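K.L.:
Residue-level listing of the chains:
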Amino acid sequence: MKKNILYFLLNISIILLIIIFVITANRNFDSYIIRILNLCAIYIILGVSLNLINGFTGQFSLGHAGFMSIGAYMSALLYMSPELKEVNFFITPLIWPLSVIQIPFVFSLIIAGLVSAGVGFLIGIPCLRLKGDYLAIVTFGFSEIIRVIFNNLQNVTNGPIGLKGLPTHTNLWWSFGIAILTVLVVKNLINSSYGRALKSIRENETAAEAMGVNLFFHKSLAFAIGAFFAGLGGALLGSFIMTIDPNTFSFLLTFQLIVIVVVGGLGSITGTVISAIIITVLMEVLRSVESPMNIFGLHVPGIPGMRMLVFAILLMTVVLFFKKGLMGMKEWSWDGLLKKYFPDNER
Amino acid sequence: MSILKTDNITMQFGGLTAVSNFIIEAKEGELVGLIGPNGAGKTTIFNMLTGTYKPTKGKIYFYDKEISGKGIDRITSLGIARTFQNIRLFSDLSVLDNVKVGAHVHMKSSVWKTIARWPSYLYEEENIHERAISLLKVVHLENLKDDLAGSLPYGEQRRLEIARALATSPKLLLLDEPAAGMNPQESKDLMEFIIEIQNRFKLTIILIEHDMKVVMGICKRIIVLDYGITIAEGNPIEIQNNPEVIKAYLGVEATYA
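If you read the protein sequences in the order shown, they are chains L and E.
Taking this note's numbering, I'd label the letters of the first sequence as residues 1 to 347.
Taking this note's numbering, I'd label the letters of the second sequence as residues 1 to 257.
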């Protein structure tokens, strides 16, 4: 029990450190770095929520972009001012109740998450009878269906024109706050009886069911919670880049998240957090290889897309040397840290 | 009082009748053996009893309540647990977590209380932990609790699977070839172990086994299946001298035996 209190205090101090970091960052860093930090936090939210579905529950889902899309549109339609909506929807007017509503950002976030979770649950009903590759194909199809519907639902989503000039509500407080919330919720879920049930589904579905794990309930639970945070992440991303259209949430985005999760380690929250930060930062740093440069007197013109090439090579290196990702299924914990530095203190 | 009763359950897969008109009535505290040549339908019977298959015909009663057609997890929560012929552990989970998964079926706290670490959840989790540890002590695996289940040797994996099944607090335990792949000494230990857990947890056990020493040694009542049909039922002595059984196993006329 004493140990628990100690860990609780240590966790609180970590959160305080992050708060201090955010305050310092807001004061001292330029907007470019703050932009990268925001992206890091958003990718942590998305990566951890995807890892809950793909890594811990073992349900290979490719539908994350779909959930994000729902979250982004839902929140944007709620927090945009009626005037802004009128400007945006110049071809087909927005349908009635949405055209006059405007609610504070925080409520729009919650509603976006809940709607996304609800859709995640509904998608679960037909999808979760499938396993492995088939599930991946169906969830991928779902995400594409969402994209096509949003492209054509002119009077709700403004179709392919998308929503532009969204007010920027996303700042470091929101993105880091929700990233912490995501990590805490997923960690508490995973290290609980329900979490063990989720992992048992990943390990052996037949045995899990024979041990009394209700497959349907637990799979939908993972999908709903994963979709909830995907919705929040999508909403934050939408407000962050200030413009959303259906093609923002294409398969490439899901692919990027899968890369984050796989590099970090399927089944490790720590790994996902680390790899989300590394990959986001790397994507920015590698921009330099796209600019024109002189190598040993040889002039190389700037090649757009060059960083993706370098990125792919780095990715292959990681996969070659860390077969299970950077962290495998291991987690960083206070327990491990204390045991390493104070081995005598074992209780 | 009979804990398990079936009335003529039949299982057909297309044109193949895997089990036909199987009747069993197990009383509380009994240890029933289920034997027969390969492909006789023994595991199919287990799959029907645990809800994996719904019988084509006939009904299954557990404590006089019908359970045929109920979900697998629902039947487990009522008190029927099983082990598998080919071991199905959660290999990448620790030994302790494997047992704790078994205890999850009786979890009362909701997901929300769990995520919020509500006191009632913490209390429940504490109970699960203690119960899992005590079960590991019963199967002599408490020293290995932090190892990955997949890294254990074969015999210990078998025992862990039984511990995991016991964690669901079953009244009826179905063991599918627990002695498969064990050497004579290990199967002797296993016999004692099965008797021990039966007495300690007041279990009714149904056992599928090919190792005749084990079956004859611990089962008071044996049912013999061949091609899905019950060909004999009785105590070990009766079974050993039953001409039908000898024919099914050795494939010779009883007169030669």
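Worth flagging that the hints you see were computed from the coordinates, not collected in a lab.
Heads up, a few of these hints could be off.
[As the list claims (entries may be wrong)] Keeping only pairs whose Cα atoms sit at most 35 Å apart, straight-line, the calculated DSBU-like set for lysine-lysine is: (1) K330(L) <-> K65(E); (2) K340(L) <-> K187(L); (3) K131(L) <-> K220(E); (4) K65(E) <-> K171(E); (5) K2(L) <-> K137(E); (6) K220(E) <-> K54(E); (7) K187(L) <-> K220(E); (8) K220(E) <-> K137(E); (9) K108(E) <-> K2(L); (10) K3(L) <-> K220(E).
Here the structure is a predicted model, which means the values were calculated and not measured.
K.L.:
Hint by hint, note whether the structure agrees.
P.N.:
Hints versus structure:
| no. | hint | in the structure |
| --- | --- | --- |
| 1 | K330(L) <-> K65(E) | violated, 45 Å |
| 2 | K340(L) <-> K187(L) | holds, 22 Å |
| 3 | K131(L) <-> K220(E) | violated, 43 Å |
| 4 | K65(E) <-> K171(E) | holds, 14 Å |
| 5 | K2(L) <-> K137(E) | holds, 26 Å |
| 6 | K220(E) <-> K54(E) | holds, 29 Å |
| 7 | K187(L) <-> K220(E) | violated, 49 Å |
| 8 | K220(E) <-> K137(E) | holds, 28 Å |
| 9 | K108(E) <-> K2(L) | holds, 26 Å |
| 10 | K3(L) <-> K220(E) | violated, 51 Å |
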